[in-house]
Amino acid sequence: MSSPGKTLRLSKIIDPDDERAVVVAADHGFMLGPIRGVVDLEKTLRRVVDGRPDAVLLSPGQAAQLNHLFRRKDSPALLVRADWTNAFRDKTYTLPARKIKRVAVANARDAIAMGASGIVTYFFLGQSDEEAEARDFELMSFFARECRELGLPLIVEALPMGERVTGANFADLDAAGMRIAAETGADVLKVLYTGDIDSFERAVRAAGIPVLVLGGAKAKTLRDSLEVAEEALDAGAVGVVYGRQVVQAEDPGEFVRAVRAVVHEGKSAAQVAGGIAKGPVRLRVFAGNCTNCRLCEAICTFSHDGFFSPSRARLRVDVVSVDRFIPYPCTLCGHCVKSCPVGALIFNPDLGYVELIEEKCNGCKECVSACPFRIVGFDEEKGKPFICDMCRGSPKCAEWCQPDALKAVPYIRGRA
Amino acid sequence: MNLEPKDAVALGASALVAFLFVGYDDDEDEARNLETVSMLARESERFGLPLLVECVPIGNRITKANYLDCAKLATRMAVEAGADIVATPYTGNAASFKEIVDASKTPLLMLDRRIDAGRLLEAVEESLKAGAAGVVVGRGVHRAQDPLAQLAAIYKLVHRSR
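If you read the protein sequences in the order shown, they are chains S and E.
One point on numbering: in this note's numbering, the residue at position 359 of the first sequence is 361, and numbering is uninterrupted.
One point on numbering: in this note's numbering, the residue at position 155 of the second sequence is 177, and numbering is uninterrupted.
This is chain S alone, in the form it adopts within the complex (with noise of 0.2 Å):
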């Protein structure tokens, strides 16, 4: 099925000896103009390939003006951006899209004549338009059939874009774009991670080609595009394509190195950025096993509370609908921990579970409003709130689940 020529140059990009990637992307200035991190993109790109990414992707006028980055034996792979889209350009740009419009701007024959290694190509699900989605999709079976021709790896950033996209659809519509495009054609996606561990690894199990994970704009700090890098290659990813964090992180260079630690040496995120550690275990559901029987919460009252109590549970159950219930059990997200405004609330060095040091606490109630999953409660009486502590390492909850709908799993990175 594979070319010859298409598995020698995705070797260059993906790393054969541990099938990892870790992939800059550095081609903004042609969808945004020149945003901070990239007005002197050759000072940047410097900064970057120091870091030794496997691959930086530019817009065709770029990689030929900066062509001399990539002249060693041991640089990085060059990726050229074969579309343009308007689409990024929201309410608060300077000139707002008004509708989302998607050209080609280079073919592959081009992108092979400038030394590149892939092309890189938009795919839109959730336009209103659909003769837009059409398009958008003829466009893409036209670069699949060139790249196979020419045996060059075509990488498909398949995104829910449009109005159609809510929040409810934004899970299915990724896995579709990314099955639709490894159907057309695609050997590498390049793709956002769903929000949850199960439906990505759903995702990238029906796609079937390696998935590379778009950072997003939402880590904004080091450590949490670790964390995103971490939670993606667990879901079954192959690397990561950074962009913004990277051209404008401080020392772009140690950037690529920190996630290339993680991504290729299989580091953990605490072990390379520092700060909290989590673990060893956490709280993996299985939804669709749940039979709301709510044993979970009955056992976590009681060999927390000493008898059962549902609502003093450090978990919850959800009803969807009359047979679909999701358990929420403490992801150990940290965000009780942050918002402790005394400090009461830490990572327990040695377990990783969340603790709580009462001598500290006001009762403020910070921890309580800011659990995305309501499962930090309060105990009136004693003025003080009850949070998961994973029973110190072994969850009762998950022990006592009998459709397995709820399990213990090693926190630290492995596939599952």
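Keep in mind that the hints were calculated from the coordinates and are not lab data.
Among the hints, erroneous ones may be present.
What the hints assert, rightly or not - Think about it this way: if two alpha-carbon atoms lie no more than 20 Å apart in a straight line, the pair counts; the simulated SDA-like pairs of lysine to any residue are: (1) K93/S to D47/E; (2) K28/E to L71/E; (3) K120/E to I37/S; (4) K120/E to D42/S.
Unchecked claim - Some but not every residue of chain S turned toward chain E, in silico, with C-beta under 7 Å: (5) G31; (6) F32; (7) G35; (8) P36; (9) V41; (10) S61; (11) P62; (12) W86; (13) N88; (14) T96; (15) A99; (16) R100; (17) K101; (18) K103; (19) V107; (20) D112.
What the hints assert, rightly or not - Over the 12 Å line for every Cβ pair with chain S, so calculated as not near, a few chain E residues: (21) E26; (22) V39; (23) A116; (24) D138; (25) E147; (26) R161; (27) Q172.
Quantities reported herein were computed from a predicted structural model and do not represent experimental measurements.
Heads up, the beta-carbon is just placed ideally off N, CA and C, and yes, glycines get one too.
Assemble the complex: chain S is given as a structure, and chain E must be docked to it using the hints.
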């Protein structure tokens, strides 16, 4: 598009020139314009023919407040698409023009669009100070009282000599 790069070669041209406008009412038009510029860039690479792109923010959506950002967007889009030289109208002051020059990192020429003939030499001088590589002049020269003298004066400023 009224001419292909190979026609330009046959005519003995030293470069191709194309417009890139931003500010169209219809985003479709901007996309088509960028597509044309990109296609010319790819073709001109094949022929080894330099491509000059004149980047102009224009139309109802362009205001005093967003002009500079739009000019920076347009010139940078042209550079990323593959322009070898870009040109854009002088913004009226050296500091803002320098921002455009710094963001393009490609030889940039000043356009004399909407500059009074009387102020042209001053504008040329300022844009050169801001880092422009030269000028593309039209009306500013052929509508001058003495076009030849005007051109000679500009030439002297740009080439810092003769």
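Can you give the numbers of the hints that this structure goes against, from lowest to highest? Those not satisfied: there are none.
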